[in-house]
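Sequences and hints are given; from them, build the entire structure.
Chains as they are written, first to last, in the working numbering: chain V, 1 to 112; chain F, 1 to 112.
The hints are simulated quantities; they were obtained by calculation from the structure and are not laboratory data. Nothing here was measured: the structure is a model prediction, and the numbers come from that model. It cannot be assumed that every hint is accurate.
Said to hold, decoys possible - Lysine-lysine pairs mimicking DSBU-like chemistry, simulated, CA-CA at most 30 Å apart:
| id | chain 1 | residue 1 | chain 2 | residue 2 |
| --- | --- | --- | --- | --- |
| 1 | F | 78 | V | 104 |
| 2 | V | 56 | V | 70 |
| 3 | F | 24 | F | 78 |
| 4 | V | 104 | V | 69 |
| 5 | V | 104 | F | 24 |
| 6 | F | 68 | F | 78 |
| 7 | V | 70 | V | 104 |
| 8 | F | 68 | V | 104 |
| 9 | V | 56 | V | 26 |
Stated by the list, open to error - Cβ-Cβ distance ranges computed for the label pairs, FRET-style:
| id | chain 1 | residue 1 | chain 2 | residue 2 | range |
| --- | --- | --- | --- | --- | --- |
| 10 | F | 85 | V | 59 | 23 to 31 Å |
| 11 | V | 81 | F | 76 | 34 to 42 Å |
| 12 | F | 17 | V | 55 | 49 to 57 Å |
All residues carry an ideal CB built from backbone N, CA and C; glycine is no exception.
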Amino acid sequence: SQQGEEDPQALSIQEGENATMNCSYKTSINNLQWYRQNSGRGLVHLILIRSNEREKHSGRLRVTLDTSKKSSSLLITASRAADTASYFCATVSLSGNTPLVFGKGTRLSVIA
Amino acid sequence: DAGVIQSPRHEVTEMGQEVTLRCKPISGHDYLFWYRQTMMRGLELLIYFNNNVPIDDSGMPEDRFSAKMPNASFSTLKIQPSEPRDSAVYFCASSLDVSPLHFGNGTRLTVT
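Here is the structure:
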């Protein structure tokens, strides 16, 4: 299975601190994506990183990808209470035409 | 753009009853996905369509589950008969190409 697995399962930090979440996967990929899910809502796409990219930024988000280790990390800098949510990684197979397979997510709590 | 619209938001039914979940994808999107989310198993892909045609239904748990997409703007997921173990949040998502996905806010199904 190419399912991504996030680590840790839960993370609690103070507002202003940085939050780092990790994702590991098993097979070669075309791209890896991160999504956020607020309580009671659907997932929202945050960022996509392709297999030939090593790092990508979007606002306070920084994503890295290490294809040799089959892992990715999501860093949220200067966290805010509004960042409290579950974060999921998802991978697309090498062919690029298969649906996303999600991990079980990291539950992030940012305490004001 | 109203996003992906799912109805109902909550459904409570008794075991043995038929349940129909509805989804209106984003206009112009050519892929539609049905996922189920539970604490135990996370997000599971049930079935997905491309241009209204079912591509892969291998995630549908049993014959009690069926999905249709009669046109580009509407899809249904039906469970007949429903069982308590079907209790979960069911998400519909749509996309242009296979990803990234745009999710609806889900239908929380409770089967008593």
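Verification of the supplied hints:
1. Of the supplied pair hints, the one linking residue 78/F and residue 104/V holds, its CA atoms being roughly 25 Å apart against a limit of 30 Å.
2. Among the hinted pairs, residue 56/V with residue 70/V is consistent with the structure: their alpha-carbon atoms are about 16 Å apart, no more than 30 Å.
3. A hinted pair counts as satisfied when its Cα atoms are at most 30 Å apart, and residue 24/F with residue 78/F qualifies at roughly 15 Å.
4. As the CA atoms of residue 104/V and residue 69/V are separated by approximately 20 Å, the hinted pair is consistent with the 30 Å bound.
5. Between residue 104/V and residue 24/F the alpha-carbon distance is near 26 Å, which keeps this suggested pair within the 30 Å criterion.
6. Between the alpha carbons of residue 68/F and residue 78/F the distance comes to roughly 9 Å, so the proposed pair stays at or under 30 Å and holds.
7. The suggested pairing of residue 70/V with residue 104/V holds, with an alpha-carbon distance near 17 Å, which does not exceed 30 Å.
8. Taking the CA atoms of residue 68/F and residue 104/V, the gap is near 27 Å; set against the 30 Å cutoff, the hint holds.
9. A threshold of 30 Å between alpha carbons decides the hint, and for residue 56/V with residue 26/V the separation of about 21 Å falls inside it, so the pair holds.
10. Range check, residue 85/F to residue 59/V: Cβ separation about 41 Å, and the 23 to 31 Å hint is violated.
11. As the Cβ distance of residue 81/V to residue 76/F is approximately 38 Å, the hint placing it in 34 to 42 Å holds.
12. Evaluation of the 49 to 57 Å hint for residue 17/F and residue 55/V yields a pass: the beta carbon distance comes to about 51 Å.
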